[in-house]
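Visitor: Sequence:
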Amino acid sequence: MTRFLLPALLAASVASAQTVNVTDAEGRTVALTPADTARVLTLGGPVTEIVYALGAGSRVIAADSSSYSPDAVNKLPKVGYQRALTAEGIIALNPSLVLATTEAGPPTTLAQLRAAGLKVLILPADPTPAGTKAKISAIAKVFGKDAKAAELNAGIDRDLAKAQVLFSRFKSKPKVLFIYARGPQGAQMSGAGTSADAMIRLAGGVNPFGAVEGYKPLTPEAAVAAAPDVILMLSGGLDSVGGVDGLLKLPGIAQTPAGRNRAVVALDDLYLLGFGPRLGRAVQDLTLRLHPELRLGSGR
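For the sequence shown, the residue numbers in mature numbering (1 follows the signal peptide of the UniProt record, and there is no 0) are -17 to -1, 1 to 283.
It is worth saying that the hints were derived from the structure and are not from the lab. Predicted model only: the values in this text are computed from it and were never measured. Do not take every clue at face value.
Computed list of lysine-lysine pairs in DSSO-like fashion (alpha-carbon distance at most 30 Å, straight line) [stated by the list, open to error]: (1) Lys199 to Lys232; (2) Lys61 to Lys102; (3) Lys124 to Lys102; (4) Lys61 to Lys131; (5) Lys58 to Lys102; (6) Lys156 to Lys232; (7) Lys199 to Lys156; (8) Lys158 to Lys232; (9) Lys199 to Lys158; (10) Lys131 to Lys58; (11) Lys145 to Lys158; (12) Lys145 to Lys124; (13) Lys102 to Lys131; (14) Lys131 to Lys145; (15) Lys156 to Lys145; (16) Lys124 to Lys61; (17) Lys58 to Lys124.
Simulated DEER-style distance windows between Cβ atoms [claimed, not checked]: (18) Gly72 to Ala237: 37 to 47 Å; (19) Val3 to Leu271: 36 to 46 Å; (20) Lys124 to Arg243: 43 to 53 Å; (21) Asn244 to Ala98: 53 to 63 Å; (22) Val227 to Ala94: 40 to 50 Å.
Just so it is clear, CB atoms sit at the ideal spot from N, CA and C, and this is done for glycine as well.
Based on the provided sequences and hints, a complete structural model is requested.
Guide: Take a look at the structure:
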C-alpha cells in the first residue's frame, strides 16, 4: 500500500508547488496550475499584447476582436468584442483559462463562463503607469515569466524617464481634445477617468474636458468652448471621418484653434490607449507630437 501511496503523495506535492495564486480585480484568489495556462483565451488588446511580450503567445488559442497586435494573433479565432461577449462561442473553444481586464463583459457573460466551469481571471484595467506594470506582473505570474515582466517594466520606466527629460525642454501646455469617432455621426469627447485623458496628462497636455467624467457626445458648442490647440484621435477614427478634411467638416471643429491650424494627431488604438508594454514609447511619441518646440529644437 505504501509503495502506491508515496508516488501519489509526491505527485500531489509537485502539483501543489506548481500552483500559483493570483488576486483578481475583485479581490478573489484564483488558483492556477500549469494545465490551466495551456489553452488561454485573451480578451482585450493590451492583455493579448502583454502575453505575447512575455513570451507566452504560444499558449493563446483565441482572442477578442480588439486584439490585433502582434500579427500572430490575427491567425487565431476571434470571439467578438471584449465589451459585448457571448458565452457560447467562448465555451465552444474549450479554453483552460479566460484572461481579461475589467473592461470585458457584460458581467452576465462572465458569470456564465464561470458557471460552465471555466477559469476566469479578471485584472484591473487601471490606465496608469503603475497599473500597467502591475498588470504585466500579474499576467507574468500566471505564466511563470516574472523575470521577463521585470525586464518589460524596467523598459517602461526607462522610457517614461526619457519623457520626463523632454518635459524640462518645453514650456507649452497645449489644450488637447480627444475625439472618439467611428464615422462622422456620434463622435464623442473624452473626459476624466479615460485612457485618453491619462495619456494627454502624461504627455504634458491639458484636457479641456478634464472636469467631465468619461465620454460625452461632442457638440459644436462644446468643441468651440474647449478651444483645443490640438485634436487627438485614433488613426482608424480619423480615417472614418474622411481624414483631416472630413474632420474639419464636423460642426464646430473648423472654428477651433486646432481646426484652423489643422493641428491633428492620430495614433494607433492599442499604441495610444492600450497601456500595455509599449506605454513608455507611446508617451514619448505623444509628447513630441504635442509640443512642436521639441521637434523644432527651440527648447527653453
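Visitor: Does each hint hold? Answer for all of them.
Guide: Hint check:
no. : hint                         : result
1   : Lys199 to Lys232             : holds, 19 Å
2   : Lys61 to Lys102              : holds, 19 Å
3   : Lys124 to Lys102             : holds, 16 Å
4   : Lys61 to Lys131              : holds, 27 Å
5   : Lys58 to Lys102              : holds, 24 Å
6   : Lys156 to Lys232             : holds, 26 Å
7   : Lys199 to Lys156             : holds, 23 Å
8   : Lys158 to Lys232             : holds, 21 Å
9   : Lys199 to Lys158             : holds, 17 Å
10  : Lys131 to Lys58              : holds, 25 Å
11  : Lys145 to Lys158             : holds, 22 Å
12  : Lys145 to Lys124             : holds, 28 Å
13  : Lys102 to Lys131             : holds, 24 Å
14  : Lys131 to Lys145             : holds, 21 Å
15  : Lys156 to Lys145             : holds, 18 Å
16  : Lys124 to Lys61              : holds, 25 Å
17  : Lys58 to Lys124              : holds, 26 Å
18  : Gly72 to Ala237: 37 to 47 Å  : holds, 44 Å
19  : Val3 to Leu271: 36 to 46 Å   : holds, 40 Å
20  : Lys124 to Arg243: 43 to 53 Å : holds, 50 Å
21  : Asn244 to Ala98: 53 to 63 Å  : holds, 55 Å
22  : Val227 to Ala94: 40 to 50 Å  : holds, 44 Å
In summary, the structure agrees with every hint in the numbered list given earlier.
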